[in-house]
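*Asks:* So the chains spell out like this:
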Amino acid sequence: MPIITLTTDFSLKTPYPAVMKGVILSINPRAVIIDVTHEIKKYDVFTAAFVLGYTVKYFPKGSIHVCVVDPGVGTERRGIIIKCRNGFLVGPDNACLSLAARHMKTEKVFAIKEEKFLTSETSSTFHGRDVFAPVAAYLSLNKSVYEFGEEIRDYKKLSMDEPIVKGKLIEGLIIYIDNFGNMVTNISWRELRELGVELGDSLLMRFKGTEKPVRFLKSYGFGAKGELLVVINSFGFLEISIREGKAKDFLKGERGDKVVFKHT
Amino acid sequence: MPIITLTTDFSLKTPYPAVMKGVILSINPRAVIIDVTHEIKKYDVFTAAFVLGYTVKYFPKGSIHVCVVDPGVGTERRGIIIKCRNGFLVGPDNACLSLAARHMKTEKVFAIKEEKFLTSETSSTFHGRDVFAPVAAYLSLNKSVYEFGEEIRDYKKLSMDEPIVKGKLIEGLIIYIDNFGNMVTNISWRELRELGVELGDSLLMRFKGTEKPVRFLKSYGFGAKGELLVVINSFGFLEISIREGKAKDFLKGERGDKVVFKHT
Amino acid sequence: MPIITLTTDFSLKTPYPAVMKGVILSINPRAVIIDVTHEIKKYDVFTAAFVLGYTVKYFPKGSIHVCVVDPGVGTERRGIIIKCRNGFLVGPDNACLSLAARHMKTEKVFAIKEEKFLTSETSSTFHGRDVFAPVAAYLSLNKSVYEFGEEIRDYKKLSMDEPIVKGKLIEGLIIYIDNFGNMVTNISWRELRELGVELGDSLLMRFKGTEKPVRFLKSYGFGAKGELLVVINSFGFLEISIREGKAKDFLKGERGDKVVFKHT
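Residue numbers (our numbering), protein chains in the order written: chain R, 1220 to 1483; chain S, 1220 to 1483; chain V, 1220 to 1483.
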C-alpha cells in the first residue's frame, strides 16, 4: 500500500485537504494518505521546506510526498516531480521540495506537463487538487513519470546560511520557531564539538543586544521550570527553549535573527 | 474499501471525531475514514452544507458522507439518510446535507429509526457517536438502508439566493468566507458572461457604501502584493481576495453582505 | 489490520505527529493509525488521561493506544506499556495512561527497556518518535512485550476526588472544560439519583460565591438560546452548559473549581 503525504498551508479549517484526498482515492483507492501538516503559515515556503525536509526521513522508502505551499499558483511557475532514490516529491518549483530532495537522494527532476491536467474548465487557483494530487495518485499506481513529466536540468533550491565558528564563538541564525515557542538555530553538534562544548556546560548567549547565560542540557526536562536553556532538538539542531514556557515570546525572537554563543 | 467522510463542528481539540472513528472501526474494521473538516463554526449549518456540497464532488462513487453540525441534537429533529446515485449522506435533518444531495443525485430519503440505536443508557447529546457513526458503518457493510431507515417524502433544504443581473450590474451576496479571509460570492461565470466580463477586465465593486476598482484575474498570483482583486475560485464562484492579505479584514465583510459589481 | 491511536500535545501545526506515523508505517505498513487528538494543552497530563480514558471505550478490542504528553521527557521517568485485556497502552509513566487502563482492564505493566531504542545518536527529547512509536508498531506486529519490556509492580495513577452528597446537596468539582466552553463535573447519575433529581427538575447551583437556578435537561437542544443549564454529557458526567454560548466564559470557571447543586 503506497503512502502519499500532504504538506500544505490550507488549514484543516478548509475542506481543501479533504478534496485532495478525495481526488487521490478516486484514482487509487488503496493509497494510504498521511497529513504532514496543513498548518504551514500561509505562503511560508521556507518553513514548508524545513518541515518536509525533516519529516521525509522517517517515512518508508517509496513514499510520495506532496507539498502545496504555492504563492505563485496560476502564474507561470512550473509544477515539478523530483524522482529520488527513496521516493517521489511533487509540488511547485519554488524550493519547498528542495531540502527533502537532499535527504531522499535526488535522481531526476521533471516539469509537470500541466496541460494534461488543466482544462479551461478547471480552476487555475487549485493545482493541489487539479495537478499535484492526481500526479501523486498516478505515481502511486506505478505509472511512468514520463507520461506526465518532462525531464529538466535544474530547479529552485533553498539557500541556508551555515553557522560560523570563530575562536570561542559560534554565530548562527534562527531558522525555525515551533509551536511551543522553541527557537531552532542552524547550529548542530558539529559546531558545538569544534568549541569543545559538552552537555551541562554553561554558554553565554548574545541575542538582540543583550547577553544571557544558558545551560546546554540533554533535554527540557533537566531544566528548572522557567529556565532559559539550549538543547539539541529532534531535528539535530541547537534549540533555544524555556522549560514550560515560550522562548520566542520572552526573547522576541523571529526567524532570521542572529544569535551568538560563547563557551565560557 | 468503502470510504466514510466526517464533517463536524467538534474541533480536533476534542476526542469526539476519534470516538466516531472508533465506533465505525468497531463495526467495520476495513472502513477508510477521511476527515472533511471538524472545524465548522459551532452550529453553522450553512457553512457545513456549503463545505460538504463542494467536497462530495471529488470523492469516489459509493462514498458515505456523515455530517454532524447539529444544534437541535436531543430534541425532536430527525436523523436522516439520503440515498443518492453516487453514495449516501447521513446526518440531522437541518439542511446540512442538502447541497451535497443535489450534487450526488438524490434517489430516496429515509428517517433513521433512532430507537434502534439509542437506549436509556446512551446519551441524548452525542448522536454522532450513537446514531450517525453506526449508521454509516452499517451502510459501508452493505446493510440494507431499510433495516434502520423509514422512507420519507421530504426533508429540509437550504435556500440560496441567486445573483441578479441588471444592465451593467451584477448584484450578489457573500455566501462564505474562508480561512484565508477570501470572501466567496454567489456569483459564477454565468453572470459574468452575461455582462461580457473577461479575464483582465476592471470592475467597480460597491460594498458597504463605498466603491472600489478591482481587477478580475485568472488567479491570485497575477495580482500585485496587497492588491484587491476578484477571481473565479475552485468552487466555481467569484471570490474577493487580497493577494497575500485578508479581504475580510480590509472590507469588514461578513456572510450575507450584499455586493454589486459594475462592468466599466 | 491493527489500530494504533495517538494522543499528544504536539499540535497538528508541527510535523511531529506525522513523524510518529512515518516511524510506525516503516515498521508495520498495515497499521491503521487514528489521531485521538494532538491538541492536548501542553504538558496537561490530567486532560490527556481524561480524554484517553473516555476514548478507549469506543475502540475495538486489541487496539494499541499511545499517549505522549510528557513534561519529564529525557529525565529519569520511565516509559511504560500497560497490557490490558482489551489492548495495549504505551506512554510515559506519569499517570496519563491510568484512566484508560482502568477501562481496558489492566493485566500487566512493563517498564520499557529504553536502551533498545535510544542510541547516543538519537535525541533525548522525542521519545514519541524514538521509543513509543516503535514499541506500538512492534506490538501491532504481535511481537512479545517481553522483548522490550520488563514487568513491574506499580505505576503512577491519577487521583480524582469523588463528589460528596449531604442532605439535599451535591458537592463536586469541575474536572474538564471542553472546546465548546462546557464545564464537566465529577458528578454522575449516581449522585443525582441519590438526591431524587429527575430530568426537567430545577437545581440551585452555587459557584464562586453566587447562586443561580439551572434546569437539568435531557440535552442542550431543550434549553432556550442562552439559557444556563445542566445535562448528563456523553462522558456520563453532569455538565454545565449554555445553549449556543460558553458557560466557561460566563461563569469564569476553571478546572478544579468547586460547585454545589441543591435540589429545590
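Quick caveat, the hints were computed from the structure, so don't treat them as lab data. Treat the hints with care, as some may be off.
The list cannot tell twin chains apart, which means a pair is met if one copy fits it or any two copies do.
[Unchecked claim] Straight line, CA to CA, 30 angstroms or less: simulated BS3-like cross-link-like pairs of lysine-lysine: (1) Lys1437 - Lys1332; (2) Lys1280 - Lys1465; (3) Lys1335 - Lys1427; (4) Lys1324 - Lys1335; (5) Lys1375 - Lys1276; (6) Lys1332 - Lys1427; (7) Lys1324 - Lys1260; (8) Lys1437 - Lys1375; (9) Lys1335 - Lys1481; (10) Lys1471 - Lys1444; (11) Lys1324 - Lys1465; (12) Lys1324 - Lys1362; (13) Lys1444 - Lys1477; (14) Lys1471 - Lys1261; (15) Lys1465 - Lys1260; (16) Lys1387 - Lys1477.
*Asks:* For every hint, state whether the structure bears it out.
*Replies:* Hints, one by one, checked against the model:
{"no.": "1", "hint": "Lys1437 - Lys1332", "result": "between (49 angstroms within a copy, 19 angstroms between copies)"}
{"no.": "2", "hint": "Lys1280 - Lys1465", "result": "neither (36 angstroms within a copy, 40 angstroms between copies)"}
{"no.": "3", "hint": "Lys1335 - Lys1427", "result": "neither (51 angstroms within a copy, 42 angstroms between copies)"}
{"no.": "4", "hint": "Lys1324 - Lys1335", "result": "both (27 angstroms within a copy, 29 angstroms between copies)"}
{"no.": "5", "hint": "Lys1375 - Lys1276", "result": "within (21 angstroms within a copy, 34 angstroms between copies)"}
{"no.": "6", "hint": "Lys1332 - Lys1427", "result": "neither (47 angstroms within a copy, 43 angstroms between copies)"}
{"no.": "7", "hint": "Lys1324 - Lys1260", "result": "within (27 angstroms within a copy, 38 angstroms between copies)"}
{"no.": "8", "hint": "Lys1437 - Lys1375", "result": "between (36 angstroms within a copy, 24 angstroms between copies)"}
{"no.": "9", "hint": "Lys1335 - Lys1481", "result": "neither (56 angstroms within a copy, 36 angstroms between copies)"}
{"no.": "10", "hint": "Lys1471 - Lys1444", "result": "both (19 angstroms within a copy, 27 angstroms between copies)"}
{"no.": "11", "hint": "Lys1324 - Lys1465", "result": "neither (35 angstroms within a copy, 38 angstroms between copies)"}
{"no.": "12", "hint": "Lys1324 - Lys1362", "result": "within (21 angstroms within a copy, 33 angstroms between copies)"}
{"no.": "13", "hint": "Lys1444 - Lys1477", "result": "both (26 angstroms within a copy, 28 angstroms between copies)"}
{"no.": "14", "hint": "Lys1471 - Lys1261", "result": "both (21 angstroms within a copy, 20 angstroms between copies)"}
{"no.": "15", "hint": "Lys1465 - Lys1260", "result": "both (19 angstroms within a copy, 14 angstroms between copies)"}
{"no.": "16", "hint": "Lys1387 - Lys1477", "result": "within (17 angstroms within a copy, 56 angstroms between copies)"}
Comparing the model with each numbered hint stated earlier shows that hints 2, 3, 6, 9, 11 do not hold.
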